[in-house]
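Novice: Sequence:
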Amino acid sequence: MITGDRFVYRVTGLQVVTAADSWVISTRDSSVAELTLTTCHPKFSARQRLIVFAELVDGPNAEAIFG
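Per the numbering used here, the sequence shown starts with residue 1, numbered consecutively.
Please keep in mind that the hints were generated in silico from the structure rather than gathered at the bench. Treat the numbers as computed from the prediction; the structure is a model and nothing was measured. Certain hints may be false.
Stated by the list, open to error - Across the chosen pairs, the derived CB separations fall in these ranges:
hint: 1; residue 1: His41; residue 2: Thr12; range: 16 to 24 Å
hint: 2; residue 1: Ser26; residue 2: Ile65; range: 14 to 22 Å
hint: 3; residue 1: Ala64; residue 2: Arg10; range: 12 to 20 Å
hint: 4; residue 1: Ala46; residue 2: Gly4; range: 35 to 43 Å
hint: 5; residue 1: Arg10; residue 2: Thr39; range: 29 to 37 Å
hint: 6; residue 1: Ile25; residue 2: Val57; range: 34 to 42 Å
hint: 7; residue 1: Lys43; residue 2: Gly4; range: 31 to 39 Å
hint: 8; residue 1: Pro42; residue 2: Glu63; range: 35 to 43 Å
hint: 9; residue 1: Gly4; residue 2: Pro42; range: 34 to 42 Å
hint: 10; residue 1: Glu63; residue 2: Thr12; range: 14 to 22 Å
hint: 11; residue 1: Lys43; residue 2: Glu63; range: 18 to 26 Å
hint: 12; residue 1: Ile65; residue 2: Cys40; range: 13 to 21 Å
Just so you know, even glycine gets a beta-carbon here, dropped at the ideal spot from N, CA and C.
Let the hints inform the model, and build the full structure from the sequences given.
Specialist: Here is the structure:
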C-alpha cells in the first residue's frame with residue numbers, strides 16, 4: 001500500500017443512469033484528469049447506478065498534469 005500521497009478532486013456532476021448505460025465507464029477525450037465513481041441506486045438495488053464525476057484539483061503529480 002502506498003501511503004502519504006493525497007489527491008484532491010472536485011465533484012463536477014452527479015447522474016443517475018440505468019444499469020445498462022456503460023458509456024459512463026468509457027474513456028473520455030478530456031484535457032483534465034477525471035475520476036468516475038459508480039454505486040448502486042437506490043440503496044441495495046441493482047436497478048440503476050449513481051454516477052459521480054470529479055476532476056483532479058491537486059495531488060503529487062498535479063503540476064505535470066496541468067502543465
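Novice: Could you check the structure against the hints above and give me the numbers of any it violates, in ascending order?
Specialist: Result: hints 5, 6, 11, 12 break, sorted rising.
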